[in-house]
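> Each protein sequence line maps, in turn, to chains A and B. According to the working numbering, the first sequence is numbered sequentially starting from 1. According to the working numbering, the second sequence is numbered sequentially starting from 1.
Treat the hints as calculated values from the structure; they're not laboratory data.
Each computed DSSO-like pair below joins lysine-lysine, with the alpha-carbon atoms no more than 27 Å apart:
{"hint": "1", "chain 1": "B", "residue 1": "K65", "chain 2": "B", "residue 2": "K22"}
{"hint": "2", "chain 1": "B", "residue 1": "K73", "chain 2": "B", "residue 2": "K22"}
{"hint": "3", "chain 1": "B", "residue 1": "K73", "chain 2": "B", "residue 2": "K101"}
{"hint": "4", "chain 1": "A", "residue 1": "K11", "chain 2": "B", "residue 2": "K101"}
{"hint": "5", "chain 1": "A", "residue 1": "K11", "chain 2": "A", "residue 2": "K71"}
{"hint": "6", "chain 1": "A", "residue 1": "K57", "chain 2": "B", "residue 2": "K101"}
Here are some of the chain B residues that sit facing chain A, going by a computed Cβ distance under 7 Å:
{"hint": "7", "residue": "R43"}
{"hint": "8", "residue": "L46"}
{"hint": "9", "residue": "K101"}
Partial selection, computed: residues in chain A whose CB lies under 8 Å from chain B:
{"hint": "10", "residue": "G40"}
{"hint": "11", "residue": "F105"}
{"hint": "12", "residue": "P107"}
Heads up, the beta-carbon is just placed ideally off N, CA and C, and yes, glycines get one too.
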Amino acid sequence: DTGVSQDPRHKITKRGQNVTFRCDPISEHNRLYWYRQTLGQGPEFLTYFQNEAQLEKSRLLSDRFSAERPKGSFSTLEIQRTEQGDSAMYLCASSTGTGLYEQYFGPGTRLTVT
Amino acid sequence: AQRVTQPEKLLSVFKGAPVELKCNYSYSGSPELFWYVQYSRQRLQLLLRHISRESIKGFTADLNKGETSFHLKKPFAQEEDSAMYYCALPPGANSKLTFGKGITLSVRP
Chain A
1 DTGVSQDPRH KITKRGQNVT FRCDPISEHN RLYWYRQTLG QGPEFLTYFQ NEAQLEKSRL
61 LSDRFSAERP KGSFSTLEIQ RTEQGDSAMY LCASSTGTGL YEQYFGPGTR LTVT
Chain B
1 AQRVTQPEKL LSVFKGAPVE LKCNYSYSGS PELFWYVQYS RQRLQLLLRH ISRESIKGFT
61 ADLNKGETSF HLKKPFAQEE DSAMYYCALP PGANSKLTFG KGITLSVRP
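Modelling step: build the complete structure from the supplied sequences, incorporating the hints.
What follows is the structure in structure tokens.
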């Protein structure tokens with residue numbers, strides 16, 4: 001499968017623990033996006049990268065959240081000291097970043113904080 | 001700030017009936033709009049975009065700047081159209097997407 005992949009697909013953690021998610025974009029895509037989706041809502045933008053540079057962060061991305069894309073390929077999203085309100089589907093998407101783009105989405109990581 | 005509104009959460013129709021999924025937007029510039037679809041147990045994928053003026057799987061959407069709408073239409077619904085549909089707006093090229101809350105389309109046999 002040459003699409004966007006995310007790992008893990010499901011994560012259950014206790015409140016206060018740290019979690020890290022990984023996203024592998026389509027190989028030639030230089031733009032990578034993170035979104036969060038809660039029940040009954042559409043995906044909400046968190047942050048995006050062009051190559052290794054993080055170009056924009058949403059106000060939704062509190063200090064407990066950090067994202068990296070160290071070599072401009074895969075990306076990680078870390079949540080420190082998880083709270084029950086962090087329970088959501090975390091989606092990753094990638095695009096070529098040129099012209100009128102299409103964002104290709106991964107399957108998501110479902111986080112449950114107990 | 002840009003905003004996308006999908007006023008209905010659920011649309012249930014019989015096979016062969018016409019479908020219109022509503023989307024209204026708020027944006028100060030000249031918008032580009034997209035419809036994304038998520039079938040059961042599949043990932044979110046692009047269905048169609050305004051600028052392409054194309055028909056995908058029998059669906060079309062026309063941008064109405066006067067009414068700030070981008071409704072998705074299909075004249076004859078099929079059972080395989082049952083899915084979650086999201087309207088989305090990028091504030092600029094190669095940028096984040098602002099999504100509506102989505103609507104569930106259920107097509108009954």
